[in-house]
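J.: Chain by chain, the residues:
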Amino acid sequence: MATKQEKIDAVLNELKMATSDIKGLGVISPDGMMIADHLGGDQGDAAAAMGAALGSLAKRVTTTLKVGEFQEVNIRGTNAGILLFDIESRAALIITVSKGANLGLVLLEARQAQSQLGQII
Amino acid sequence: MSNLTKENFIKAKVFTRFDELYAPLLPTIKATVMQRQNEITDTFYAELSKDPTAANIVAGRIDQLKATHKIWMDELFNGTYGDEYFERRYKIGEIHVKAKIAPYYVEVVTSYLRRAFAETLVQQGPEAVSAALAILDLDAMIIIGAYHEDRMRRMSEVTGMNQKLLETLMSFG
Chain U
1 MATKQEKIDA VLNELKMATS DIKGLGVISP DGMMIADHLG GDQGDAAAAM
51 GAALGSLAKR VTTTLKVGEF QEVNIRGTNA GILLFDIESR AALIITVSKG
101 ANLGLVLLEA RQAQSQLGQI I
Chain V
1 MSNLTKENFI KAKVFTRFDE LYAPLLPTIK ATVMQRQNEI TDTFYAELSK
51 DPTAANIVAG RIDQLKATHK IWMDELFNGT YGDEYFERRY KIGEIHVKAK
101 IAPYYVEVVT SYLRRAFAET LVQQGPEAVS AALAILDLDA MIIIGAYHED
151 RMRRMSEVTG MNQKLLETLM SFG
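Residue numbers (the working numbering), protein chains in the order written: chain U, 1 to 121; chain V, 1 to 173.
Hint data in this document are derived by calculation from the structure and do not stem from the laboratory.
Check each hint, because a few of them may be wrong.
Only part of the chain V face toward chain U is listed, based on derived beta-carbon distances under 8 Å [said to hold, decoys possible]:
#1 M152
#2 R154
#3 L169
Between beta-carbon pairs, the in silico distance windows are [as the list claims (entries may be wrong)]:
#4 V:V158 - U:T78: 43 to 51 Å
#5 V:M170 - U:K66: 24 to 32 Å
#6 U:V61 - V:G82: 43 to 51 Å
What you are looking at is a predicted structure, and each value in this text was computed from that prediction instead of being measured.
Just so you know, even glycine gets a beta-carbon here, dropped at the ideal spot from N, CA and C.
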């Protein structure tokens with residue numbers, strides 16, 4: 001029987017394989033700890049902390065502005081993009097995408113992974 | 001919430017060997033300091049009243065504050081500095097925070113008291129002065145700790161980030 005970590009890694013691997021527009025991804029805790037790091041590079045700890053901060057602020061903004069439950073954040077940089085998806089308030093899925101990525105496909109796949117991770121975590 | 005400040009209080013006592021070097025000495029210098037308590041307290045409130053902001057804070061309740069200050073000074077020299085002492089001092093910090101007294105005033109008042117205690121105890125030798133300064137420093141640390149924890153709590157409320165995450169983020173600074 002697969003461990004929780006293996007199940008999370010499997011979802012991330014499947015998502016990564018879905019489109020070459022996804023450059024890296026990870027699952028992070030609300031405390032800013034990395035649960036599963038498939039981001040590549042050596043910025044995992046900082047990415048986890050800042051991703052958790054982004055999620056917390058986004059949650060706060062959605063509550064303050066009364067726009068319902070926080071679901072996702074989309075940041076577009078000049079060279080690439082960052083997406084963050086809430087996972088049942090227990091974690092967040094962070095994804096980096098290439099410039100000019102097919103966001104329709106990325107979001108479709110990412111939301112499916114978000115749902116799967118919600119059942120695992 | 002006073003865990004971080006309490007941890008620091010315990011660590012500071014160990015670091016300065018407070019319980020071994022200073023705690024036993026403090027009750028022996030209590031009488032000397034308390035003889036000057038009225039003068040020290042009166043002078044410090046007179047100085048505070050010259051500052052417009054502080055004068056507003058203390059206006060109309062100076063007698064009450066002086067009585068509280070006397071109790072606070074008395075307890076400085078009671079010889080026991082465990083959990084109960086910490087909790088009473090932390091409560092004082094929380095009262096300062098709730099009253100929106102800027103931490104600057106805690107620092108300048110502590111500075112004034114350090115000089116007043118040193119002048120009072122100089123005849124009794126360096127150990128007496130060191131003991132009085134050591135407990136004053138611990139008290140200031142606890143009160144400033146209450147400010148720090150209040151700021152972290154408010155930052156956590158405003159941003160939605162838990163305190164562990166805030167500490168982690170600051171570690172990248």
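J.: If a hint holds in the structure, say so; if it doesn't, say that too.
T.: Now the hints, each set against the structure:
The interface hint given for M152 (chain V) is violated, since its Cβ lies 14 Å from the closest Cβ of chain U, which is over the 8 Å cut-off. Interface hint at R154 (chain V): violated, since its Cβ lies 13 Å from the closest Cβ of chain U, which is beyond the 8 Å cut-off. At about 5 Å, the closest approach between the beta carbon of L169 (chain V) and any beta carbon in chain U falls short of 8 Å, and the interface hint on this residue holds. Judged by the Cβ atoms, the range 43 to 51 Å given for V158 (chain V) and T78 (chain U) is violated: they are separated by roughly 30 Å.
A hinted range of 24 to 32 Å holds for the C-beta pair M170 (chain V) and K66 (chain U), which are about 30 Å apart. Taking 43 to 51 Å as the suggested C-beta distance range, the pair V61 (chain U) and G82 (chain V) conforms, at roughly 44 Å.
Hint compliance for this structure: hints 1, 2 and 4 are broken, all remaining hints hold.
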